[in-house]
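Residue numbers (the UniProt record's numbering), protein chains in the order written: chain A, 1 to 217; chain B, 1 to 1027.
No lab work stands behind these hints, which were simulated from the structure alone. Just to be clear, a hint being listed does not mean it is correct.
Here are the simulated distance ranges between beta carbons [as the list claims (entries may be wrong)]:
no. : chain 1 : residue 1 : chain 2 : residue 2 : range
1   : A       : A31       : B       : A76       : 16 to 24 angstroms
2   : B       : W510      : A       : E112      : 16 to 24 angstroms
3   : B       : R697      : A       : L24       : 39 to 47 angstroms
4   : A       : P48       : B       : A174      : 48 to 56 angstroms
5   : A       : A40       : B       : T886      : 27 to 35 angstroms
6   : A       : N170      : B       : P775      : 15 to 23 angstroms
7   : A       : A40       : B       : R562      : 36 to 44 angstroms
8   : A       : E112      : B       : T886      : 45 to 53 angstroms
9   : A       : L21       : B       : E72       : 26 to 34 angstroms
10  : B       : D181      : A       : P48       : 43 to 51 angstroms
Where is the CB? At the ideal position from N, CA and C, for every residue including glycine.
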Amino acid sequence: MPGVFSPAANIATKLVLYALLAGLVTLAGGAWFFPNTTYATRQGIAVPQPVPFSHDHHVSGLGLDCRYCHSAVEVSANAGLPPTHTCMTCHSQIWTNAEILAPVRRSLADGEPIRWNRVNTLPDYVFFNHSIHVAKGVGCTTCHGPVDTMPLTWKGASLRMSWCLDCHRNPAPNLRPREEVFDTDWRRTAATPTGETLMARYHIHPESLTDCSVCHR
Amino acid sequence: MSRRDADDRGGARSAGLARDVAGRLAGKSGRALWRSLDELAGEPRVLEMLRNEFPGLPDLAEARVGRRRILELMGASFALAGLSGCGGGEAPDEAIPYVVAPPGVVPGVARHFATAVTRGGYADGVIVTHQMGRPVQVEGNPEHPASLGALDPIIQASILDLYDPDRSRTVLKAGRIAGADALVKALSDRAAALAARGGEGLRILSGTVTSPTLAGQIGALRQRFPALQWHRWEADGRDTLRAGAMLAFGRPVDSVLHLDQARVILAVESDILDGAPGHLRYARDFARRRRAAEEGDVGGMSRLYAVESVPTLAGARADHRFALRPHEVEAVVRALAATLGAGPAEWRQGAPGRMATAVDAMARDLAANRGAVLVHAGPAQPAATHALVHAINAALGAPGRTVTYIEPVEAEPVDHGESLDRLAADMIGGRVDTLLVLGCNPVFTAPADLDFAAALAAVPVSVHLGTAVDETAMHCTWHVPEAHEFERWGDARAFDGTVTILQPQVKPLWGGWSPHELLAVLGGETRPDGHAIVRAAWARRFDGSGGGTDEADGRRWADAVRSGVVPDSAAAEAAVSVAPGLAGRLPPASVGPEGGAPTALFRPDPWLRDGRYANLGWLQELPRPFTTLTWDNAVLMAPATAARLGLANEDVVAVTAAMTGAAGSVEAPVWTVPGHAEDCITLPFGFGRKVAGRVGRGVGFDAFRLRTSDHPWELPGVELRRTGKIRRLAVTQHHQMIDSPDLVRHATLDEFRRNPTFAKRPEPEQSLYPAYEYPRNAWAMAINLDSCIGCNACTAACQAENNIAVVGKEEVLRNRQMHWIRIDTWYESGTEGGAAGRGEPEQTLFQPMTCMHCENAPCEVVCPVGATMHDTDGLNVMVYNRCVGTRFCSNNCPYKVRRFNYFNYSEDDSRLSLSWNPDVSVRPRGVMEKCTYCIQRIREARIAADRENRPIRDGEVKTACQQACPAEAIVFGDANDPDSAVSRRQASPLDYGVLTELNTRPRTSYQARLRNPNPEIAEGRDDASHS
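Okay, chain A solo, but in the shape it has when bound (with noise of 0.2 angstroms):
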């Protein structure tokens, strides 16, 4: 009796398998690389917002220190956002009549503040803190990026978990002098004391770093 399949049937056939195999390891390694991807992290992407806040033309262009705005960074988990009241020490000054900041002017004459659309964002069972960052000569660019030279700002890191405790395990290539924390244009240098010269001065100790309760809570 002939066969019911051709002998080609068996090429077919094992094409299937590998296709299928294959198919089921680009899932897997769909799965493991999609959330590292900027699309998912968002990373580098720049957010629209309802006034296009340049922080290359503040920061580079005019020389704004970050506390100006972002006030409670040194006290406070939260950095803190400006309060239309701080837009307006000097946009009732100077660009008065700019169309693009007319929603700033809006905002103080109708009591309503500005809806910004969050850049940075973590979930609501982590507790991140500022100042202890800051305290301990974590730089703002560290995290953020290239702040200064962002037209529109993006998210200057991933803000996933194995980024945090990258730094968390070993901080020492992180960190930089307290006084040099908030200088977007801070490099290393030859002069510049090692991160372990500086973890020992901030008595960072990463051994407890990683303790589930560090920002969970």
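Assemble the complex: chain A is given as a structure, and chain B must be docked to it using the hints.
Here is chain B on its own, set in the frame of chain A:
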């Protein structure tokens, strides 16, 4: 045994049960420790609770879900689980800054403001914590004399009350929305008409008022309305104390107690530790004196006697406690008075025979410690007892040492019962034309014989000011939403007269009125301003005291508001002495009821008081001391009485007032309480609200329906008839029980002298696991069982701080309450003489149980996903976002302190979302949780210390339970620091760990309890409690 079987059992079982216990213990000698008679008798249902972590689980299998259906559901959940991975990143949130930042507000940094919470008119100072302008947490004010930084559950729950979504929001006229303008117009017109005839027919009804400003306003109104009458009604008020002072001294005075000066104390069903004004202060003074022995001063420990019918917290802490029928309590007080020379000698014969030895011994002990003794009676005792207490105190040299008499703190003190009677009579007689009801609910709480609802119908205009629409609001022509105490200006006085100025913590959420503003409208104002009224009143007062300039006045005001205490405002001492011939002025001694009908005793529910807190889920679900009952009240009685009446727990009985002929009958379930006096039953009032919010409506039964003006506390001759119905009660006593007899350890002072380390047991030292090292901090907690008074303040504080959900009665019945701290109640009795078999404890012990933060934690090793971890400081931390809900950890925890979110309790909670503590994750369904040692407070202190490059100071981290504890029973700190408070406590010879034989190395330890019995009574104590 399934639940159905348990429900079917008959009432005859109870009598059998008592025999079982007696029989089981007959062959034994020594002491027995037990949690309930059911446990003693070896009830299978209780044994299951003892052995299983999830005892209700097999019942769920009865739900009959087929294998095929389970596979379908599993497949569907697996497939749907994949969906959650879809979607491109997270949807962008909005970040919304201020327009103009309020001065001083830094997002993420808490701010604190002082104010006070009043209960029954008396103030307890609090500090309210704010996050970005909204109040989130209440703590005691350490500078306030009544609080000293401590709290009780009711004060704690005031924050929940503020955010109660069921509070009323608009002015109502005859139940319809009317608006504030209509009210102002109507009230102004009415006031003008009333003023024309001198205020004839104008009445004000309020609770106890201590506010100087409010009293001043009413005084000022009398000028416009000379005939105005001010009535007072407080259902759980202190009329008997006032009447007692009138009998003894001829005028009303208040007593301030100094328990730190007292070496021997007699508590006559006293509420010094439960709810008396100043009870937090008293608890602290008492506990400090009790810790004297442990701290080296063995002779400095005080001794407490208690005679009472209904168990009180003071009774539980007593070295000798005698459960007596009400008339016997009075007889004992008379006999003591006679023995101590404060009454005629024939009173000595009145005491029950079995108390003869004890009365003599107590009298000798009291007399021997002259000047350092204190007798105190609670508000449910008759006026005669209070008068005799004053006489005994005077005879023993107490005044000026352990008790000071002060001018009454209540403004214009009156007899509330009489005041309300008169008002009701005038209302029915048509002599009341306009009635203002300020923040009280007489339709629900007034004595049943007054029929206050019917009386209200005869009043043309009645205005009710209340935070919620309640029974009284339904019967008044107007209802005005009252601003919460956290939303308005005001003032109030503490137990010693110290004034606190109440400052608003937040603008009225729903536009409430303060009583000051309502009275101002009556006085002719149309746009009253609560701040201006209170400020002006204090400007006059400050001027009167100091005669200062405007600037000085402003500074005094600012200081008083900031600190929460007006300096030097305590009440003046009253120079009084017991007028001679007291014995002649007293009514004849009450005699016991004739016949077998039990006497009903009315007592406030410890948390709901007169029912005003019924809508607060925290208080409904907080176990009551002794009964551990939640979400219900019950007819409480001694086990022996229940056996005699053929009743068992949860049998529903109809209670009727047989002898007095008072109308009404209530149906209520029975619950037996070891240590309750026999032949009397307690009917806790405050439950059974008919008009309340979604939480409090229709919970429990309304005992007010049996309470009459003639019998406010005690109703002889009630009839109990079995209805054949069963009502399941959500009692937590059998939940999370540990199967070990060695959990609470205690000894007498003599035993402690002979063997100071009686509480220590040999501990295993080897472990298969390598030991952890704790180079930085080693957080630890010490709980002193000798100081713990069982008040549940810690449980309530923990619930507020840690966003612990309320689960409801159904879920509590399933063993699923979420409290991270439970208070285990233990009874101890001798097995000889059958005292245990009759359910008569000699001692009641409370043991707060919470996560022990074991160094060798059994939970950590079984978690398959690493959701419960050991951290560098030795904390056993929960990572909620990792937890997948296997419950292995809970199953492996020998202390049974882990709690599982079976449902989305937090999301289903009706409380406003802005009331949660933002520093703590709100846990969703399927997640395990437990005590974290208030990790958020540790982290906050850690960050503050690290920012300044210094170690955390001792006392810088206070857990919520520690902060709330009035008795300082809980101490928390770093065990690595030998000088820390917790290390000193743990160095005590009384220190011991629970279940250390399992080598768990718990970080939480206990200090054993000490008793200071009178050797003259100790011999005969079995006889003494025999009845």
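Against the structure, the hints come out as follows:
1. A:A31 / B:A76: 16 to 24 angstroms: 20 angstroms, holds
2. B:W510 / A:E112: 16 to 24 angstroms: 22 angstroms, holds
3. B:R697 / A:L24: 39 to 47 angstroms: 58 angstroms, violated
4. A:P48 / B:A174: 48 to 56 angstroms: 54 angstroms, holds
5. A:A40 / B:T886: 27 to 35 angstroms: 29 angstroms, holds
6. A:N170 / B:P775: 15 to 23 angstroms: At roughly 19 angstroms between Cβ atoms, B:P775 and A:N170 fall inside 15 to 23 angstroms, so the hint holds.
7. A:A40 / B:R562: 36 to 44 angstroms: With Cβ atoms ~51 angstroms apart, the hint is violated.
8. A:E112 / B:T886: 45 to 53 angstroms: Holds - the Cβ-Cβ distance for A:E112 and B:T886, about 48 angstroms, lies within 45 to 53 angstroms.
9. A:L21 / B:E72: 26 to 34 angstroms: Cβ of A:L21 to Cβ of B:E72: about 29 angstroms, so the range 26 to 34 angstroms holds.
10. B:D181 / A:P48: 43 to 51 angstroms: With Cβ atoms ~46 angstroms apart, the hint holds.
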